[in-house]
Each structure stands twice: as C-alpha cells, then as structure tokens.
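Asker: First to last, the protein sequences are chains A and B.
If you're matching positions, the first sequence starts at 1 in my numbering and goes up one per residue.
If you're matching positions, the second sequence starts at 1001 in my numbering and goes up one per residue.
Treat the hints as calculated values from the structure; they're not laboratory data.
Only a predicted model underlies this, so the values are computations on that prediction, with no experimental measurement involved.
All C-beta atoms in this analysis are idealised placements derived from N, C-alpha and C, irrespective of residue type, glycine included.
It is possible that some hints are incorrect.
[Said to hold, decoys possible] Label pairs and their computed distance ranges (CB to CB):
#, chain 1, residue 1, chain 2, residue 2, range
1, A, 303, B, 1087, 53 to 59 Å
2, B, 1087, A, 131, 30 to 36 Å
3, B, 1089, A, 303, 48 to 54 Å
4, B, 1082, A, 215, 24 to 30 Å
[As the list claims (entries may be wrong)] The list that follows gives simulated cross-link-like pairs (lysine to aspartate or glutamate, EDC-like), each with its CA atoms no further than 20 Å apart:
#, chain 1, residue 1, chain 2, residue 2
5, B, 1072, B, 1087
6, A, 275, B, 1033
7, A, 270, B, 1097
8, A, 275, B, 1101
9, A, 275, B, 1087
10, B, 1072, B, 1083
[Said to hold, decoys possible] Covered by chain A, according to a simulated footprint, are these stretches of chain B (three or more residues, beta-carbon under 8 Å):
#, stretch
11, 1034-1044
12, 1052-1061
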Amino acid sequence: MIPPRLGADGAPPALPIGTLLLGALALLTGSVTLLLGARALVGPINAPALVALVHVYTLLFVGLVFAGTLQQLPAVMFVTKLAWPGLGYVTTPLLVLGSVAVVHGFASGFTPLWLQAGAVCVSLAWLLLLTQLVATALRRWPKDSGSHALLLSVLFLTFTVIAGFLLASARTSAPVAMTVGYPVRLHLTLGMFGAFLLGIVGSGQKLLAMFALSKGGAQWRVRAAMYLVTAALVAESVEAFARVDLGPVPALLIAAGSLMQLLEVHAIYKRRLRKRLEAPIQRYVLAHAFMPVAGALLLAGQPAAAGAAFLVGFIGLAVSGMLVKITSFLVWTAVFANARTGGVSGGAPLLRDLMRNELEPVTTWALTGGALLLCATLIFRDQALAYASATLLSVGAASQFAQVVHVVATTVLAGRRLARSAAVAPAVSAEEAG
Amino acid sequence: MTETTFTEINPALPARNVLESLRAVIDPELGLDIVSLGMVYVVTVVGGGVNIEMTLTTPGCPLHASIEADVKHVLGQVPGVDEVSVELVWDPPWTPDAMSDSAKSSLGFW
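Use the sequences and the hints to build the structure in full.
Answerer: Laid out in structure tokens, this is it:
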C-alpha cells in the first residue's frame, strides 16, 4: 500500500495567515471599541452597540480564525489535498465585507438593508467554505470522529449565518416572519454550540493530542459530544418551528455534550507525554475551565453571564491559543519548507523561538481576567467592573495581536536572512575556486 | 527506542555514518533530532545512493515537507552521497516509546 502523501497541501500560505491576522485584528478593534463605550455593558444586553460588538467577536474574530484554519487544517486532518485551494481569495473578502455590513447594520440601530446585505455575503462565504470542506473530505473520507465533528461544525455555522439572514429578513418581511417566526435562540444555540463548540471538539482532539504527544483521546467521547449537541439543536429547532415546549431538554443535552468535551480534554491532558506544554496550548486547555463556570451561572439564573463565560471565556481562550500556535506553524512552513538552505540544520529557527515569551502570560491572564470580569459585570451591572473588564480584554487582544505579528515578521525576516546567506555562499566559493 | 535497520552495498559509505549525519536534522516543533526521536526506520546505501525510510509523529504533520527537505539537504553534504530519496511510512506508527531516553527527558517526560 502506498502511504498517503501528507497534508501540507492546503491553500497558498498567504491566505490562511492573512485571514488569521485579520481575526486577531478584529478582536483588538472590538475590545478597544468596547473600552471606549464600556458603559453599554450595564445597559440592556440587546442594545445596538452591544449586539454589534458581539458580532465583531463572533463573525470577525472567531469566524475569521475558523475560516483561516479551514484553509489548512482539513488537509492535515483528512490527510489529503485541499479542494480548490484558491477559494479563500473569494471567501475571505466576502466574510470581511459581509461581517462589516452586519456589524454596521446592528450598530446603526438594526438597519434591515445592511443586515440582509451582510448576511447574504456571510452566508454565501460559509456555503462556499462548507462546499470546499465537503469536497476535500470526499477525496479521502475521514473515519475519525474528530473530522466528522469538524464537518458538522461548519454545516452548523452555515445554518447559523443563514438563520441570521432569516432573522434580518423577518424584520422587514411579514411572510418570512409568519413562516419562520423570530428564532433568536436557535440562532444563538446553533452558533455557540453547533458551530463553535463542535469546531473545538473536532479540531481540538487532533491538535491537542498532536501538540501534547498524548494517546489519551477516545473516539467515543467525541462521537457522543457530536450526537448530544446535534440532538440539542434538533430539539431547539422543534421548539422554534413546531412551537413545542421541550423544557430543559436542549440545555441538558448541551450540558452532556460539553461534559464529554471536558472529559476528552482531561483525558488527553492527563495522558500527555510532553509535560511542559507551550503557553498557547496551556491557554487552550485553560479555556475549558470556563465550561463549568458557564454551567454554574446558568443554573444560578444568570443566562447573560453564562453566555459571556462560554463565548468570551471558553471559546475566546481556546481560539486564541490555537490562533497563535497555528500561525507559527503556517508561517514557518511557508518560509522554510523546501528551502534549499535546509530547515533547522540550515539555520531556520525552532517554532518556539518565533514567539515573544513574555507576551503569552499577558494574553492568557488578561483575556481570562477580562472574561471573568465581564461575567461579573453582567451579574452586578457595575460600571467600574465594565471598564476593568474591557481594559483587560483590550490588553489581552493587543498582546495576542502583537504576538501573531511578531511571529510572522520574525519568520519572514529569518527566511530572508537565510536566503541572502545562501545566495552569498556559492558566490564566495566560486571566487575562492577561481 | 527505534532500532534502525541498515542495508549497505558500499563499504566506503557506512549506513551507520549516514544515520549519525541525520542527527543534524531537527524537528522544528519538538527541537530534537529525528534520530533521537526514533523516526528513522531504515537506511539503505547502494553505491552513492541513499534511501531513508522514516516516519513522523503523526500522519498529516504539516512539517513533513520541511523535514524531508532537511534530510536531503543534510545528506547531500555527506561525502560520497550522490542521490538521496526519502520515503515516509506509517507502519509501524510512531509512538513516544520510539524516542531515546535523553529525548524523553528533554521533553519533560519524567
């Protein structure tokens, strides 16, 4: 049997790297904007400015990091070539333009035209990304549950943005409103759990095990998480469209699915052979501590704070950890793979040497503190807490952005230095020979 | 630790020396050489041609192209080597048991 060629066969490197940088920039922009108007956090949570900022976070930070990752990760996970590797040249601009239009639509007081136009662009981009992912999977259908969870998460993300489009349309069209109602809860559940949680479940199993050198992962836990979350989304859909009250069933299914992810990460972490994990991977693991926090807040009757713990604490830290780690892998591979100077033997830096170590604890603890204070703000409605939270989130986002820019700049400069010395060496040898 | 298999039809270019040269190839993620990591399964030397059968920590490792290029770069500088080919294999799969004790120690296994 000929072993499969390995998956460095993703998109042109500039695509995922550029998309990840844009995602990091979006978090910084959103956090600073929140800091400038932190008072909004003690007002109604469905105020236009806050809803707009939530969409900066979900569509532009998490969404772009997810979209950038999908330009490389499927080739690695499915061990095949990415279908239509240049598609990101279409999807990334569509995502950015559409998301900015959606954010503007919310910020300007839920303007239907902007919301609909933006939602069309974002939905089209995610439909294209879903098609690309499925086409890649069809080249070599994956058998592991992690890959299946990744496929499902992108499907649910596409449903989420389409649900967003329906919500925008229901504001202006009576027939749409009559047909689909106004399923905000379904939109939220699809996005937070179907898309983001399953995305982390699917990609995390492979990546965490790979970076921690662990054999602790179990297919059945990932499969169980996938089935439980999917069942919760079906239950939510029945509630939304058939107008049937299923009580706590969807929430219990999501709690059980989240528990599976907690157990999975615990097992991988416990059975890791690489005891000293790198800082971004530690941040990814730490993110999971926010899952029980979110559950406890929900039980305590604080749904807004629970949502913040899940979205900003769990999703934010997990995405931030993988963003920094994946960026360093992508840039290093783009600059040094196939370099005629050789890899590390020819003078290329190690991956860990690309980072500024002092920035990592700043990112981790500022984002963690910011997320915790955000939960406290939503519980106590205190303005000082709101400013403290926004300040910490801005510091964490700035540190993260500085790190990814540093990683890219350091690697590119090191590559240029090596290329120059490789060009000089043969010339010197030729002179000596002459 | 992995026991590398040697085949050589050129006494002037001992396969064991070729393996020792591969200690210059460093995994950029783990920061250790591929021999200590137990990734090199077979070294075959026929005349000036060298074939390396090796594995990686995980199928789909995005660093495969750079490690493969580095193996060719390093062996290309060994006197007597005219041609280098690298075969990536997944059977047996790599496990941390394949590593040398010093490699395990430097990754903090104990």
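Asker: Now tell me if each hint is right for this structure.
Answerer: For each hint, the structure was consulted:
{"no.": "1", "hint": "303(A) / 1087(B): 53 to 59 Å", "verdict": "holds (56 Å)"}
{"no.": "2", "hint": "1087(B) / 131(A): 30 to 36 Å", "verdict": "holds (34 Å)"}
{"no.": "3", "hint": "1089(B) / 303(A): 48 to 54 Å", "verdict": "holds (53 Å)"}
{"no.": "4", "hint": "1082(B) / 215(A): 24 to 30 Å", "verdict": "violated (40 Å)"}
{"no.": "5", "hint": "1072(B) / 1087(B)", "verdict": "holds (11 Å)"}
{"no.": "6", "hint": "275(A) / 1033(B)", "verdict": "holds (19 Å)"}
{"no.": "7", "hint": "270(A) / 1097(B)", "verdict": "holds (17 Å)"}
{"no.": "8", "hint": "275(A) / 1101(B)", "verdict": "holds (15 Å)"}
{"no.": "9", "hint": "275(A) / 1087(B)", "verdict": "violated (31 Å)"}
{"no.": "10", "hint": "1072(B) / 1083(B)", "verdict": "holds (9 Å)"}
{"no.": "11", "hint": "1034-1044", "verdict": "violated (count 0)"}
{"no.": "12", "hint": "1052-1061", "verdict": "holds (count 6)"}
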